[in-house]
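J.: Below are the chains, spelled out letter by letter.
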Amino acid sequence: MQNVSEPAIAPERDATVKPAPARALVQLEGLKFRWPGSDDDVLDIPELQVREGERIFLRGASGSGKTTLLSLLGGVIQPREGSIRVMDTELSALGASGRDGFRADNIGFIFQMFNLIPYLSLVDNVTLSCRFSKARRQRVSARGASLTQEAERLLSHLRLDVAKLGRRPVTDLSVGQQQRVAVARALIGSPGLIIADEPTSALDTDARVAFIELLFQEVAASGSTLVFVSHDPALQDLFDRTVSLAEINRAYQPPES
Amino acid sequence: MSIYSLTLRSLLNRKTTALLTIFSIAVSVMLLLGVDNIRREAKAGFANTISGADLIVGARSGSVQLLLYSVFRIGNATNNISWHSYQEVAGMKRVKWTIPLSLGDSHRGFRVLGTNTDYFEHFRYGAKRELAFSDGGRFEDVYDAVLGAEVAEKLGYKLGQSVVISHGAGEVSFANHDDKPFKVVGILKKTGTPVDRTVHVSLEGIEAIHLGWDSGAPSGSISAEQARHADLQPKLITAFLVGLDSKLATFTLQRAINNYRGEPLLAILPGVALQELWSMMGVAEVALLAVSAFVVATGLIGMLTVIWSGLNERRREMAILRSVGAKPRHIFVLLMIEAGLMAVCGVLVGVAMLFLTLFAAQPALESYFGLFIGVDPLTVDNLAVLGGIILAGVLIGAAPAYRAYRYSLADGMTIRT
Ligand SMILES: Nc1ncnc2c1ncn2[C@@H]1O[C@H](COP(=O)(O)OP(=O)(O)O)[C@@H](O)[C@H]1O
Ligand SMILES: [Mg+2]
Chain P
1 MQNVSEPAIA PERDATVKPA PARALVQLEG LKFRWPGSDD DVLDIPELQV
51 REGERIFLRG ASGSGKTTLL SLLGGVIQPR EGSIRVMDTE LSALGASGRD
101 GFRADNIGFI FQMFNLIPYL SLVDNVTLSC RFSKARRQRV SARGASLTQE
151 AERLLSHLRL DVAKLGRRPV TDLSVGQQQR VAVARALIGS PGLIIADEPT
201 SALDTDARVA FIELLFQEVA ASGSTLVFVS HDPALQDLFD RTVSLAEINR
251 AYQPPES
Chain D
1 MSIYSLTLRS LLNRKTTALL TIFSIAVSVM LLLGVDNIRR EAKAGFANTI
51 SGADLIVGAR SGSVQLLLYS VFRIGNATNN ISWHSYQEVA GMKRVKWTIP
101 LSLGDSHRGF RVLGTNTDYF EHFRYGAKRE LAFSDGGRFE DVYDAVLGAE
151 VAEKLGYKLG QSVVISHGAG EVSFANHDDK PFKVVGILKK TGTPVDRTVH
201 VSLEGIEAIH LGWDSGAPSG SISAEQARHA DLQPKLITAF LVGLDSKLAT
251 FTLQRAINNY RGEPLLAILP GVALQELWSM MGVAEVALLA VSAFVVATGL
301 IGMLTVIWSG LNERRREMAI LRSVGAKPRH IFVLLMIEAG LMAVCGVLVG
351 VAMLFLTLFA AQPALESYFG LFIGVDPLTV DNLAVLGGII LAGVLIGAAP
401 AYRAYRYSLA DGMTIRT
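In order, the protein sequences belong to chains P and D.
Just so we're aligned, residue 1 is where the first sequence starts under this note's numbering, counting upward by one.
Just so we're aligned, residue 1 is where the second sequence starts under this note's numbering, counting upward by one.
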């Protein structure tokens with residue numbers, strides 16, 4: 001039923017009704033952050049907006065604070081000043097425990113590498129993100145699927161053969177396979193926001209584009225918004241929009257050398 | 001799946017390390033409980049050995065020494081007492097019965113005790129239990145012998161068997177009284193006391209085999225038949241047990257014996273001498289328990305080391321868990337459960353190993369050392385100690401758990417490797 005060829009449109013939407021202008025899914029204002037023990041801000045971002053359904057490419061040199069920004073979006077750390085709204089929720093108003101719950105329900109993370117927990121099976125690595133979120137479990141069962149079925153469905157969409165790969169330890173998977181498992185984990189239970197932190201930097205150049213296309217396809221299918229971080233400008237043309245951290249971050253320090 | 005099953009899988013993933021950690025805790029727990037069990041059993045064994053006698057009388061020496069050689073057949077008397085003195089004490093007011101004890105000979109490593117039939121009448125062990133025969137009966141003839149249960153079992157002796165007594169108490173003796181063999185006429189039932197390892201003969205029998213041995217080695221040759229007609233009235237005995245009409249008279253009689261003018265005698269109360277023995281062993285006991293406690297501490301520190309050193313490589317795992325919504329508290333609990341689980345498993349395996357080892361070692365201890373170590377159920381104290389070990393394990397787990405908790409707050413979404 002999902003319209004894979006038009007990934008920008010969420011599946012539930014009625015195509016005959018003209019969509020209202022997309023609202024802001026992420027809204028940053030006057031954000032300032034510094035790491036404990038440091039005297040300088042890493043981030044000082046007056047404004048940043050990501051619209052619902054958008055796939056944005058966040059570019060920045062290594063060490064420029066990309067991961068830090070993503071941690072802030074995920075509510076793992078707190079800004080010194082300013083506001084972060086994700087899906088109309090002000091994160092700083094939630095409290096630490098509330099932010100953990102919010103992240104569990106609404107955000108899917110994909111890391112650069114080592115995304116998998118070595119002692120969990122392939123399927124358990126995917127369903128792991130439902131373990132801390134009732135909302136995600138409910139969204140899966142609303143589709144009429146069990147967690148395992150949903151994990152297997154996503155994995156096969158991502159061209160991973162559970163019957164073949166599921167028995168072996170996940171550490172035996174290739175890096176490319178591991179990254180796709182991470183995509184399935186981020187997407188299960190359709191969280192509103194997917195955050196990918198340099199997920200392609202451990203892949204071959206050829207594999208990168210293929211990976212991103214698969215990612216787009218599944219992000220569209222679940223109607224999520226994607227924030228994709230990389231230092232590799234070659235990928236940016238694939239995205240709806242590119243944001244350069246150097247341009248929006250007033251605390252940006254050009255790398256020496 | 002809950003956070004508990006995550007811990008479980010994480011531990012299973014590190015099977016070898018986890019099992020070794022559990023095993024080292026288990027061994028330490030086994031040692032601690034084993035020492036305690038043996039200590040209690042040894043005390044109970046000693047306390048059960050004699051229960052009927054009010055006083056033990058021997059030549060003047062230390063009271064613990066007298067207790068050890070007269071009742072436990074450990075060590076030797078330095079001096080004997082005269083038959084005359086024995087008769088005089090036996091005739092004192094309030095004395096209900098006496099059992100003379102004459103020690104110094106052996107049969108293939110088992111002590112030989114010369115006594116009279118009052119022994120079978122009045123000797124009590126355990127909860128005032130009487131001696132009973134599994135076969136045959138008391139000695140009557142000069143050359144009759146009654147075997148303790150273990151002697152008969154070990155040497156495979158039956159009634160009617162002839163037994164040669166050796167001079168001295170060693171396993172191998174070159175001075176055998178082989179011209180005067182004894183005949184087994186009775187075998188006692190098992191008592192779990194030194195009685196089981198004793199060959200009992202009459203005082204006259206002891207006298208007969210020593211005829212012409214005044215210098216400690218055979219001088220003349222007097223045949224077994226000739227000896228029967230000699231004067232077999234003993235002149236010396238090693239010690240004797242005394243039973244009184246009334247416990248109230250104990251101290252009066254003790255004083256009377258200790259002040260006996262004929263020769264220096266010592267009368268002791270078995271219970272008091274046992275207490276003295278305990279207090280002598282107390283230091284060793286405490287030292288053993290302290291060593292075992294340190295071994296337990298070592299086991300727990302080993303666990304701490306294992307968890308702590310694994311922490312760094314698990315930071316990635318924690319960041320992943322955090323990214324899917326785990327709270328820092330979950331990370332804390334994860335590690336606490338891990339420590340608690342290993343401690344609980346260590347304790348359970350340790351208890352299992354203890355009982356297996358005790359049951360397995362029991363026959364060996366009994367046959368090589370004559371030490372019967374009963375297997376006691378765990379006492380309330382033991383359970384409290386085990387609870388304490390588990391609690392200590394959990395508390396120790398709090399240190400790495402807190403560190404992981406700090407990591408997971410400080411790392412953000414950075415995956416460190
Ligand atoms: N957990 C942390 N604690 C302290 N400083 C950090 C931490 N993570 C990152 N930093 C610092 O913040 C800056 C930005 O890092 P990061 O966000 O990881 O950059 P990027 O992801 O763009 O490579 C760096 O100078 C880095 O040293
Ligand atoms: Mg980074």
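Don't read these hints as lab results, they were simulated from the structure.
Misleading hints may appear alongside valid ones.
[To be verified] Cut-off 27 Å, straight-line C-alpha distance, at most; resulting in silico cross-link-like pairs (DSSO-like, lysine-lysine):
1. D/LYS93 / D/LYS128
2. D/LYS96 / D/LYS247
3. D/LYS158 / P/LYS134
4. D/LYS190 / P/LYS164
5. D/LYS154 / D/LYS190
6. D/LYS327 / P/LYS32
7. D/LYS128 / D/LYS190
8. D/LYS189 / D/LYS235
9. D/LYS15 / D/LYS43
[Unchecked claim] These stretches of chain P come out as covered by chain D in the derived footprint (C-beta under 8 Å, 3 or more residues):
10. 112-122
11. 126-133
12. 196-204
13. 235-242
A quick note: this is a predicted structure, and the numbers were derived from the prediction, not measured.
Note that CB positions come from ideal geometry on N, CA and C, so glycine has one too.
J.: List, from low to high, the hint numbers that the structure doesn't satisfy.
T.: 3, 4, 8, 9, 12, 13
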